[in-house]
Amino acid sequence: MKREIGGGRPIAELENIHLSFGGLQALQDVSVAVKPRERLAIIGPNGAGKSSLFNIISGIYTPSSGTIRHKGEVRPSRMRPYEVARLGIARTFQNIALFSGMTALDNIMTGRNSLMRRGVLGEALQLPWARRQEIEHRRRAEEIIDFLEIPSVRRTPVGELPYGMQKRVELGRALAAEPELLLLDEPMAGMNLEEKEDMCRFILDVNEIHGTTLILVEHDMGVVMDISDRVAVFDYGRKIADSAPDDVRRDQAVIDAYLGTAHEH
Amino acid sequence: MFYRETGQYKTTYAADRAIFPIRQDRVAMAILLMIAFVAIPLVANEYWLRSVLTPVLVFSLAAIGLNILTGYTGQLSLGTAAFMAVGAFAAYNLEVRVPEVPFLVSFVVAGLAAAGVGILFGLPSLRIKGFYLAVATLAAQFFIEWLFTHVPWFTNYSTSGVITAPPMTLLGFSFESAESRYLLTLCIVVVMAVMAKNMVRSELGRAWMAVRDMDIAAEAIGINLMKTKLTAFAVSSFYCGVAGALWAYVYLGTVEPQAFDVLRSFEILFMVIIGGLGSILGSFLGAGFIVLLPIFIANASGVFGDALSAETIAHLEFVIFGGLIIVFLVVEPLGLARLWQIVKEKLRLWPFPY
Chain Z
2 MKREIGGGRP IAELENIHLS FGGLQALQDV SVAVKPRERL AIIGPNGAGK
52 SSLFNIISGI YTPSSGTIRH KGEVRPSRMR PYEVARLGIA RTFQNIALFS
102 GMTALDNIMT GRNSLMRRGV LGEALQLPWA RRQEIEHRRR AEEIIDFLEI
152 PSVRRTPVGE LPYGMQKRVE LGRALAAEPE LLLLDEPMAG MNLEEKEDMC
202 RFILDVNEIH GTTLILVEHD MGVVMDISDR VAVFDYGRKI ADSAPDDVRR
252 DQAVIDAYLG TAHEH
Chain D
2 MFYRETGQYK TTYAADRAIF PIRQDRVAMA ILLMIAFVAI PLVANEYWLR
52 SVLTPVLVFS LAAIGLNILT GYTGQLSLGT AAFMAVGAFA AYNLEVRVPE
102 VPFLVSFVVA GLAAAGVGIL FGLPSLRIKG FYLAVATLAA QFFIEWLFTH
152 VPWFTNYSTS GVITAPPMTL LGFSFESAES RYLLTLCIVV VMAVMAKNMV
202 RSELGRAWMA VRDMDIAAEA IGINLMKTKL TAFAVSSFYC GVAGALWAYV
252 YLGTVEPQAF DVLRSFEILF MVIIGGLGSI LGSFLGAGFI VLLPIFIANA
302 SGVFGDALSA ETIAHLEFVI FGGLIIVFLV VEPLGLARLW QIVKEKLRLW
352 PFPY
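Residue numbers (the numbering used here), protein chains in the order written: chain Z, 2 to 266; chain D, 2 to 355.
Isolated chain D (complex conformation):
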């Protein structure tokens, strides 16, 4: 009843290609941003800001990165965490060796370093597709993890192999509190998400999707497959690299290479699949789902009090988590983003669907 586009005429192509062409969507988005930027920092406690919401945002960014590569361009990758590691270690090494560099600049450098490495490991995609490409990116995953573990230069000869991010200051302001770190992450993620949305609704995004859907036809219509695929690897890795730097600097503060192991890559792949392949919104939904679900399960099982041992609860968490993922994939293989779209389509007609 309230979600209608009746009476909203689009008279220019510019209005027609807006990200949110319907007024209700724009209002909803504005409210959501207000909540994220104002209400949450005021209301949420330290634990939620630091250990739940910040990682959700960082994961969302990494999921956007993987979604560009896998969801939009159709190139399956299992090396996401490795590209995050490149970002984290690039930012760290730059700061350690050139302390004058502001941390925001080192985040950009982190992205660029990851993009370079991404292009390198994207080269096999010019010859191979699908599962074979996934195995090639797996090589990136293992190689980069090995490199950061075994070449002490990257960890600045730290004996434990753990890097500690230097403090972040900008114009005299130090990002120490949970609120400031959450807001910093939020700003970066919102800006980069908008940029990603802009790319996928432009010439670049159509080239990516054309390569995903039918690469022979894409090439026959004049799309340079090599350039397009490598651009996807570069942009995707840039997002992962920045996410990795945020992970090290903002979320944890200290990082070891094992934090970016293959399980992390799979975790982000699950986020993309559950959230929705080929959807920027889906990247957020998937990251939120995977991070929040275990917390809800843990809290929910608290209802049983002492009847369940801590061990049982931990196992139960895995069982429910795995079960829900399977149910989701069977019910809606296109993910949460598709579910949301269906809800919106139904809402347009509600309460008179005929």
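This is chain Z alone, in the form it adopts within the complex:
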């Protein structure tokens, strides 16, 4: 079945982005766009600027120059990460960044915080709205827990969970915010084959059922070629290729910079 990738306006669009730290050019003149429902993979060697690109989209870094558009509208040049999150952009981190003192359930519930109402007195007194709100959002959090197949660990502090489970909880926390655009920073890193297969299944389901647009940074070429609609390749802060997986695989510049060739013996 051919998936319908939304035409027209990209959900996120970066134009001529430059980013430098002191004298180091982390990103040079990078333009990249992602359409609704699309699965875009970003690959490249270490230090190519992949994570910097994520940090720019999620508002953690401010680019030195260039514009970012969200659904066609230019974003203010300085946006706090929480404001970006409220546009419907969620992310995971390369080195898992969970709230280690909290349970898996509370981590996922925290993902819904931006959808919840804040009222100090109401929450302190557990007024009816506060109680109702907790229960409503708990129901949604439980749906995510079921979807990710982690009900048995919901009461466990995430610091005690094994690595693969932590990765799932982190994905759950991002999903809980009901994002339109999901940024996944190396979702398969450090996983064994079964865990990768599970994670791929979750990611594809999210994309196909909820229509969530995905950008993922990933080093596992098998995964990248299998699940992405389009691959953007970065090297030394520049984008050197951006097309369908099969074209990228044959691109000589990409082979030289990243993929390499099988040596003839």
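Keep in mind that a hint or two might mislead.
Stated by the list, open to error - Derived, one-sided and incomplete: chain Z residues facing chain D with beta-carbon distance under 8 Å:
#1 A91
#2 N96
#3 R140
#4 R141
#5 A178
To be verified - If you anchor each label on the Cβ, the simulated ranges turn out as follows:
#6 L116(Z) / I343(D): 49 to 55 Å
#7 S159(D) / R118(Z): 44 to 50 Å
#8 V136(D) / S21(Z): 46 to 52 Å
#9 E47(D) / R81(Z): 24 to 30 Å
#10 L340(D) / R118(Z): 46 to 52 Å
#11 D199(Z) / I36(D): 31 to 37 Å
Unchecked claim - From the derived model, a few chain Z residues whose C-beta atoms are all more than 10 Å from chain D:
#12 E16
#13 D30
#14 P77
#15 A86
#16 A131
#17 E143
#18 M192
#19 F203
Source of the hints: derived by calculation from the structure; they are not laboratory data. Cβ atoms here follow ideal geometry from the backbone N, Cα and C, with glycine treated the same way.
Following the hints, position chain D against chain Z.
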């Protein structure tokens, strides 16, 4: 054997998020409240009510306040006593200048004043963390103590710099006896403790803990760090402010600014650390431990009769006290609340742990 959740099914999310989801806990809590509200006022003598139990409760409230800020939100503060002072002096000044105001209202105003000051001194937390923030709150501690000592308006031009709390009356009833003061404090502290528990198990508490555990991820998931941190400062200072007003009105009756010096801040920080960071129950345990331990040591050393001089006993008290704190922190760095939790987990399986 008796502490089991077997057969207690939670069929709604409302039941699952109850403060005490297990029946045995609810029964134990009801018994504890009965003892605190009925048995203790009947049995305890004047000394225990006035000089031991009332300060334990007041300290518990201040410890809850600090725990919200340091234990739940991860913002280290050394200005707790200063926020208590703000509460005490705000309540006093309101009563002196507008005598018609009922004292309960002035307690709320005390909390609100402390919350305002807390927000002001919480502003540095938006830029700095950890030890640097602790130093910034230390500035609050010294500045506020200096302000109340050197600006005579705050003490209503009292020559000694000491304020005397006006008598507390409510609907014609005067809170004079030790029992009535203890019960008043108990009511306020229980209500505020329940409110604190409600906050930390709701959206607000999760935001606080998210900021504590990983602030970058918290912000990336949509939590406004500035608002969340300042709310923590405000709520925390509110609790400290009410505790300060209780200290002045209910416990001592007269207060000088030096009663709220930096040593008091450290004392409350010790209570939070020993009781358990990030635990409402721990705030009570820590306050009880720090107030009661010296009394027990003093009584215990009485066993030796005249063999020890009063001076030796006083020094011994410090030595044992300090030693016990170190032992506690080494054995269980997460405090008494964690110990209690471990006991409960063991009890669930006892006597068949396999």
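The hints, checked one at a time:
With a cut of 8 Å, the hint placing A91(Z) at the interface with chain D holds, because the nearest CB-to-CB distance is about 7 Å. A hinted interface residue such as N96(Z) counts as satisfied when its beta carbon comes closer than 8 Å to some beta carbon of chain D; here the least separation is about 11 Å, so the hint is violated. Restraint check, R140(Z) versus chain D: the minimum CB separation of about 7 Å is within 8 Å; hint holds. Hint status for R141(Z) relative to chain D: violated, with the closest Cβ pair at about 11 Å, above 8 Å.
The closest approach between the C-beta of A178(Z) and any C-beta of chain D is roughly 6 Å, which is under the 8 Å cut-off, so the hint is satisfied. For the pair L116(Z) and I343(D), the beta carbons lie near 36 Å from each other, so the given range of 49 to 55 Å is not met. Separation of S159(D) from R118(Z) is about 46 Å and conforms to the stated range, judged on CB atoms against 44 to 50 Å. Judged by the Cβ atoms, the range 46 to 52 Å given for V136(D) and S21(Z) is violated: they are separated by roughly 33 Å.
Our hint of 24 to 30 Å for E47(D) and R81(Z) is violated, since their Cβ atoms are close to 56 Å apart. The hinted range of 46 to 52 Å is not satisfied by L340(D) and R118(Z), whose Cβ atoms lie roughly 37 Å apart. Evaluation of the 31 to 37 Å hint for D199(Z) and I36(D) yields a failure: the beta carbon distance comes to about 52 Å. Here E16(Z) stays apart from chain D, with its beta-carbon at least about 23 Å from theirs, past the 10 Å limit.
The beta carbon of D30(Z) is kept farther than 10 Å from every beta carbon of chain D, the shortest such distance being approximately 26 Å. Every beta carbon of chain D lies more than 10 Å from that of P77(Z), the smallest distance being close to 16 Å; the non-interface claim holds. Under the 10 Å C-beta cut-off, the non-interface status given to A86(Z) relative to chain D is violated; the minimum distance is some 3 Å. A beta-carbon of chain D is positioned within 10 Å of the beta-carbon of A131(Z); the least distance is around 6 Å.
At roughly 8 Å from the closest C-beta of chain D, the C-beta of E143(Z) falls inside 10 Å, breaking its exclusion from the interface. Distance to chain D confirms M192(Z) as a non-interface residue, since its nearest Cβ pair spans about 20 Å, more than 10 Å. Annotated as non-interface, F203(Z) keeps its C-beta farther than 10 Å from every C-beta of chain D; the closest such distance is 18 Å.
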